[in-house]
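**Student:** Sequence:
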Amino acid sequence: MDEHRTLNIEEQLKSISNELGIDYDNLKSKTKKHLLNIETAITNRELKYSELVDELKGNKVTLSSISDDAKISRQTLYNNKELKAYINFRTLQVNELNPYYQIDALKEKINKLNQKLELMINRDIDTEILRYENQILLEQIKNKDNTITRMNEQNTEMERRIKELKKDKINLNSTTSTSKGKVVTFVKDK
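In our numbering, the protein residues as written are 1 to 190.
Treat the hints loosely; a few may be bogus.
[Claimed, not checked] Only pairs whose alpha carbons sit at most 27 Å apart, straight line, appear in this in silico BS3-like list of lysine-lysine:
#	residue 1	residue 2
1	Lys-57	Lys-109
2	Lys-71	Lys-81
3	Lys-14	Lys-60
4	Lys-57	Lys-84
5	Lys-14	Lys-57
6	Lys-28	Lys-14
7	Lys-60	Lys-28
8	Lys-32	Lys-48
9	Lys-32	Lys-14
10	Lys-84	Lys-107
11	Lys-48	Lys-33
12	Lys-71	Lys-60
13	Lys-163	Lys-142
14	Lys-48	Lys-84
15	Lys-60	Lys-30
16	Lys-14	Lys-48
17	Lys-48	Lys-60
18	Lys-166	Lys-144
19	Lys-28	Lys-48
20	Lys-57	Lys-71
21	Lys-142	Lys-60
22	Lys-60	Lys-107
23	Lys-60	Lys-32
To be clear, the hints were calculated from the coordinates, so they are not data collected in a lab.
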């Protein structure tokens, strides 16, 4: 193990010990040695894990990667429907084993669900707006109906009054004597 890496591990040991409330500097040398060996083992596994994760990410099965590995041109794979169908089928099978593919698939599902949710929220908002506008329109209709009823009542009253006045006029005309005199024109003096 190189000296630089050992220093980093010791710094990490001190930092973690401090977080755990352990006074690293006052530990027995044997305990320090055990902690160093433990941290070295964990760090080695962590590095392997990181390398494997990177390799796993890079080993995603695609038509392009199959073309490179099988040494068949992409054009041939794209143009031959049997080869393309086979690769697509196997790609789905293999990628289902890859957790990163599953993560990507889940992210895509989440995005689609979020889009659906957004559409549903917008629909609900539109429905509430329409419900509110409908309530306002119903109130306006009720007010208009009241106005129409009032105006009909006024109209009925006015028609009754007009009939009454016409009746009074007829009665007035029949009781009044008409003059049967002739109209005489007067000549003006010049």
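**Student:** Determine for every hint whether it applies to the structure shown.
**Tutor:** Here is what the structure says about each hint:
no.: 1; hint: Lys-57 to Lys-109; verdict: holds (20 Å)
no.: 2; hint: Lys-71 to Lys-81; verdict: holds (18 Å)
no.: 3; hint: Lys-14 to Lys-60; verdict: violated (39 Å)
no.: 4; hint: Lys-57 to Lys-84; verdict: holds (23 Å)
no.: 5; hint: Lys-14 to Lys-57; verdict: violated (33 Å)
no.: 6; hint: Lys-28 to Lys-14; verdict: holds (14 Å)
no.: 7; hint: Lys-60 to Lys-28; verdict: violated (48 Å)
no.: 8; hint: Lys-32 to Lys-48; verdict: holds (24 Å)
no.: 9; hint: Lys-32 to Lys-14; verdict: holds (10 Å)
no.: 10; hint: Lys-84 to Lys-107; verdict: holds (26 Å)
no.: 11; hint: Lys-48 to Lys-33; verdict: holds (23 Å)
no.: 12; hint: Lys-71 to Lys-60; verdict: holds (17 Å)
no.: 13; hint: Lys-163 to Lys-142; verdict: violated (31 Å)
no.: 14; hint: Lys-48 to Lys-84; verdict: violated (35 Å)
no.: 15; hint: Lys-60 to Lys-30; verdict: violated (46 Å)
no.: 16; hint: Lys-14 to Lys-48; verdict: holds (23 Å)
no.: 17; hint: Lys-48 to Lys-60; verdict: holds (19 Å)
no.: 18; hint: Lys-166 to Lys-144; verdict: violated (32 Å)
no.: 19; hint: Lys-28 to Lys-48; verdict: violated (30 Å)
no.: 20; hint: Lys-57 to Lys-71; verdict: holds (21 Å)
no.: 21; hint: Lys-142 to Lys-60; verdict: violated (67 Å)
no.: 22; hint: Lys-60 to Lys-107; verdict: holds (16 Å)
no.: 23; hint: Lys-60 to Lys-32; verdict: violated (42 Å)
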